[in-house]
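Protein chains in written order, with the working numbering: chain X, 354 to 651; chain Z, 67 to 450.
These aren't lab readings, by the way, just hints derived from the structure by calculation. It is possible that part of the hints are untrue.
With a straight-line Cα cutoff of 30 angstroms, these simulated DSSO-like cross-link-like pairs (lysine-lysine) come out [stated by the list, open to error]:
#, chain 1, residue 1, chain 2, residue 2
1, X, 649, Z, 432
2, Z, 121, X, 603
3, X, 604, Z, 241
4, Z, 273, X, 603
5, X, 604, Z, 177
Pairwise CB distance ranges (calculated) [as the list claims (entries may be wrong)]:
#, chain 1, residue 1, chain 2, residue 2, range
6, Z, 121, X, 466, 43 to 49 angstroms
7, X, 471, Z, 125, 53 to 59 angstroms
8, Z, 192, X, 603, 17 to 23 angstroms
9, Z, 233, X, 553, 43 to 49 angstroms
10, X, 399, Z, 297, 45 to 51 angstroms
11, X, 601, Z, 150, 19 to 25 angstroms
12, Z, 143, X, 553, 54 to 60 angstroms
13, X, 408, Z, 437, 50 to 56 angstroms
Under 7 angstroms between C-beta atoms, here's a sample of chain X residues computed to sit facing chain Z [to be verified]:
#, residue
14, 416
15, 452
16, 454
17, 459
18, 494
19, 495
20, 515
Quick reminder that beta carbons are idealized off the backbone N, C-alpha and C, glycines included.
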Amino acid sequence: MAIFVDETTKVIVQGLTGGQGKYHGLRNKAYGTQIVGGVTPGKSGQDVEGIPIFDSVADAVAATGATASFVVVPPKFAPAAILEAAEAGIEIVVCITEGIPAQDEARVYNTLVRDHPNTRLLGPNCPGIISPGKCNIGITAGEIAHLPSADGPNVGIVSRSGTLTYQALYELKQQGIGVSTCVGIGGDPVPGTNFIDCLSEFEADPETHAIMLIGEIGGSAEEEAAEYIAANVTKPMSAYIAGVTAPAGKKMGHAGAIVSGGKGTAQGKMDALAAAGVKVGLNPTEAGELMADIVKGL
Amino acid sequence: MDLFEYQGKQYFARYDIPVSPGDVALTVDDAVAVAERIDYPVVVKAQVQVGGRGKAGGIKLADNVDEARTHATNILGMDIKGHVVERLWIETASDIEEEYYASFTLDRAAKKHLLMLSAEGGVEIETVAEENPDAIVKLHIDPVDGLDLATARQAAVDAKIPERALDGTADILVKLYRCFTEGDCDLAEINPLILKPTGEVHALDAKVTLDWNAAFRHPEWDEYSLTEVLDEREQLAKSKGLQYIGLDGDVGIIANGAGLAMSTLDVVNQVGGSAANFLDIGGGANADVMAAALDVINHDENVKSILINIFGGITRGEEVAKGIVEAMGRVDLRAPIVIRLDGTNAEEGRQIILDAGIAADKLISKPTMLEAAREAVALAGKGN
Numbered sequence: 354m355a356i357f358v359d360e361t362t363k364v365i366v367q368g369l370t371g372g373q374g375k376y377h378g379l380r381n382k383a384y385g386t387q388i389v390g391g392v393t394p395g396k397s398g399q400d401v402e403g404i405p406i407f408d409s410v411a412d413a414v415a416a417t418g419a420t421a422s423f424v425v426v427p428p429k430f431a432p433a434a435i436l437e438a439a440e441a442g443i444e445i446v447v448c449i450t451e452g453i454p455a456q457d458e459a460r461v462y463n464t465l466v467r468d469h470p471n472t473r474l475l476g477p478n479c480p481g482i483i484s485p486g487k488c489n490i491g492i493t494a495g496e497i498a499h500l501p502s503a504d505g506p507n508v509g510i511v512s513r514s515g516t517l518t519y520q521a522l523y524e525l526k527q528q529g530i531g532v533s534t535c536v537g538i539g540g541d542p543v544p545g546t547n548f549i550d551c552l553s554e555f556e557a558d559p560e561t562h563a564i565m566l567i568g569e570i571g572g573s574a575e576e577e578a579a580e581y582i583a584a585n586v587t588k589p590m591s592a593y594i595a596g597v598t599a600p601a602g603k604k605m606g607h608a609g610a611i612v613s614g615g616k617g618t619a620q621g622k623m624d625a626l627a628a629a630g631v632k633v634g635l636n637p638t639e640a641g642e643l644m645a646d647i648v649k650g651l
Numbered sequence: 067m068d069l070f071e072y073q074g075k076q077y078f079a080r081y082d083i084p085v086s087p088g089d090v091a092l093t094v095d096d097a098v099a100v101a102e103r104i105d106y107p108v109v110v111k112a113q114v115q116v117g118g119r120g121k122a123g124g125i126k127l128a129d130n131v132d133e134a135r136t137h138a139t140n141i142l143g144m145d146i147k148g149h150v151v152e153r154l155w156i157e158t159a160s161d162i163e164e165e166y167y168a169s170f171t172l173d174r175a176a177k178k179h180l181l182m183l184s185a186e187g188g189v190e191i192e193t194v195a196e197e198n199p200d201a202i203v204k205l206h207i208d209p210v211d212g213l214d215l216a217t218a219r220q221a222a223v224d225a226k227i228p229e230r231a232l233d234g235t236a237d238i239l240v241k242l243y244r245c246f247t248e249g250d251c252d253l254a255e256i257n258p259l260i261l262k263p264t265g266e267v268h269a270l271d272a273k274v275t276l277d278w279n280a281a282f283r284h285p286e287w288d289e290y291s292l293t294e295v296l297d298e299r300e301q302l303a304k305s306k307g308l309q310y311i312g313l314d315g316d317v318g319i320i321a322n323g324a325g326l327a328m329s330t331l332d333v334v335n336q337v338g339g340s341a342a343n344f345l346d347i348g349g350g351a352n353a354d355v356m357a358a359a360l361d362v363i364n365h366d367e368n369v370k371s372i373l374i375n376i377f378g379g380i381t382r383g384e385e386v387a388k389g390i391v392e393a394m395g396r397v398d399l400r401a402p403i404v405i406r407l408d409g410t411n412a413e414e415g416r417q418i419i420l421d422a423g424i425a426a427d428k429l430i431s432k433p434t435m436l437e438a439a440r441e442a443v444a445l446a447g448k449g450n
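I would like the entire structure built from these sequences, with the hints used as guidance.
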């Protein structure tokens with residue numbers, strides 16, 4: 354078991370013929386992910402190292418039976434690409450694109466909710482998702498993720514930041530702890546999938562025994578997650594929040610990482626999570642060590 | 067990006083939102099010329115991106131040319147909470163009967179647009195929210211549906227805006243919403259929105275924050291980059307395309323990825339140091355980007371040590387290493403570097419650094435983020 358994606362997931366890459374799409378699409382394939390097709394308008398009939406290219410997502414789905422899509426296209430085109438995937442019946446869309454205007458994200462999100470409730474969007478501006486040993490969609494280097502062990506205990510990771518996701522995987526690997534699934538939800542203001550979506554899946558996943566959450570300043574997603582955890586999550590958790598020292602009013606790299614009007618501070622988020630029973634580390638290493646302690650006790 | 071009031075008003079005008087006639091002035095003579103052109107009384111307003119301008123003496127009424135000259139002279143160059151006034155906005159003074167508040171933002175929790183409307187304007191909306199929350203009408207708008215005139219008018223009714231101002235307010239709300247959405251704003255705020263004795267409703271102030279991710283479809287935004295408030299270091303970093311924020315400490319920071327960069331700042335703080343900056347070289351950074359980053363940090367005279375924290379994903383260790391070696395050959399770095407290199411091709415990267423034969427007191431490698439931070443903070447301490 355894993356959440357959202359596993360070894361049976363068939364994936365197409367929207368933008369496979371571009372530089373980034375090709376590099377990461379092939380890397381995902383080399384990891385063992387079932388990359389069954391690519392989509393680039395006007396290039397049907399071509400292939401990228403044996404992976405067939407289609408003109409549209411609908412064509413790709415009809416020919417391959419894909420249920421997941423990896424969107425690697427520039428910000429200008431990403432909103433249309435995501436909606437095209439949803440219209441073609443894709444169940445999980447992973448969009449790594451950084452720099453999509455917030456107005457477009459809000460429209461896409463609400464369109465999906467209304468017209469395509471069966472499509473889950475991961476991202477935008479996320480590193481993707483990896484179920485170690487089974488499926489890797491996105492830009493995470495697969496080798497830094499420790500394989501889950503058959504009898505556990507394994508940890509599920511959910512994170513708002515790309516490099517901190519790698520850091521979390523690394524910390525767990527150092528400790529020899531297996532990972533069931535690691536989900537990057539992305540650092541933008543309107544993520545398609547939020548902490549709570551992932552927490553509820555991890556809670557239900559028999560292969561996940563503990564959960565690690567990586568958050569950052571800005572918005573209230575961590576506070577909402579804390580409320581959810583208190584009421585619904587029985588599995589032990591550790592967490593880390595980046596941005597304790599971030600100055601107010603500045604966007605810290607990610608479009609969504611901003612403390613404004615005294616809201617969205619790291620301290621507020623850490624307090625909320627701690628109150629919900631989550632072990633909160635002051636840095637990624639500490640969060641990893643806390644998780645090691647948790648796992649030892651399982 | 068936050069716009070100055072005058073830019074916000076000019077932006078509003080593009081969407082037919084009524085604002086007072088006026089113009090921007092960089093000198094006293096220009097200010098007087100604008101005042102003479104638009105007729106008295108005029109308001110001379112300091113253009114700084116900070117609240118409390120009026121209390122600081124940055125907003126004055128002028129009835130004639132002498133007063134206009136006096137106020138312009140006094141306000142230009144004035145320091146308001148650390149912001150030096152370089153521009154003035156001169157506009158026709160308005161008769162005010164009532165003051166309201168209106169804004170549109172994105173509610174990240176609800177993932178919908180949020181209209182906030184109040185009949186109590188002219189003061190900080192946070193104050194109203196605290197003291198009299200019922201005076202603010204909050205209306206969520208589905209971005210797919212948008213906002214129509216009838217809904218806007220109902221919101222104005224709910225906010226207890228008087229009958230004679232309802233149509234004018236609703237009209238402005240619809241226009242402001244268009245400005246917010248089509249104009250790609252993170253925030254579009256009018257405070258105060260005024261009712262004149264003549265019955266007209268009118269934007270007396272403008273607060274606009276643009277979503278710079280949408281710059282590709284707004285060529286009209288180009289001019290705003292010219293007036294962006296940046297310190298010298300930020301200016302240089304921007305010219306090199308780096309995500310940089312200047313801070314006050316003495317440990318220069320370079321990391322890949324926004325989260326890791328923020329985390330690096332935190333760890334430096336935890337071990338008793340303080341960061342001189344936030345600098346994210348981004349995913350897939352190559353040798354040139356690393357060299358540029360070091361160049362920017364080297365320009366900051368407060369920097370006593372440099373901490374490079376890289377976890378390779380898209381970013382490759384050997385590229386980072388090449389950049390460091392290249393930069394050290396090209397720029398005479400004033401401060402020692404402590405590096406922590408992990409992830410994609412980290413081994414190769416460490417080898418490149420080793421082979422370059424850089425003096426051991428100039429470049430120190432540490433295996434973990436925490437150890438690297440401790441070393442960098444210790445070195446910064448010595449440099450003082």
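Verification of the hints:
1. 649(X) to 432(Z): holds, 28 angstroms
2. 121(Z) to 603(X): The hint holds at about 25 angstroms.
3. 604(X) to 241(Z): The hint holds at about 28 angstroms.
4. 273(Z) to 603(X): Distance of about 17 angstroms is within 30 angstroms: holds.
5. 604(X) to 177(Z): holds, 19 angstroms
6. 121(Z) to 466(X): 43 to 49 angstroms: Check passed, 45 angstroms falls within 43 to 49 angstroms.
7. 471(X) to 125(Z): 53 to 59 angstroms: Roughly 55 angstroms apart at Cβ, these two residues keep to the hinted range, so it holds.
8. 192(Z) to 603(X): 17 to 23 angstroms: holds, 19 angstroms
9. 233(Z) to 553(X): 43 to 49 angstroms: 47 angstroms Cβ-Cβ, so the 43 to 49 angstroms window holds.
10. 399(X) to 297(Z): 45 to 51 angstroms: holds, 50 angstroms
11. 601(X) to 150(Z): 19 to 25 angstroms: holds, 21 angstroms
12. 143(Z) to 553(X): 54 to 60 angstroms: holds, 58 angstroms
13. 408(X) to 437(Z): 50 to 56 angstroms: Since residue 408(X) and residue 437(Z) have Cβ atoms about 52 angstroms apart, the given range 50 to 56 angstroms holds.
14. 416: violated, 30 angstroms
15. 452: Holds: closest Cβ of chain Z sits about 5 angstroms from residue 452(X), inside 7 angstroms.
16. 454: holds, 4 angstroms
17. 459: Result: holds, 4 angstroms to nearest chain Z Cβ.
18. 494: holds, 5 angstroms
19. 495: Because about 11 angstroms separates residue 495(X) from the closest Cβ in chain Z, which is outside the 7 angstroms limit, the hint is violated.
20. 515: holds, 5 angstroms
Checked against the numbered hints above, the structure breaks hints 14, 19 and satisfies the rest.
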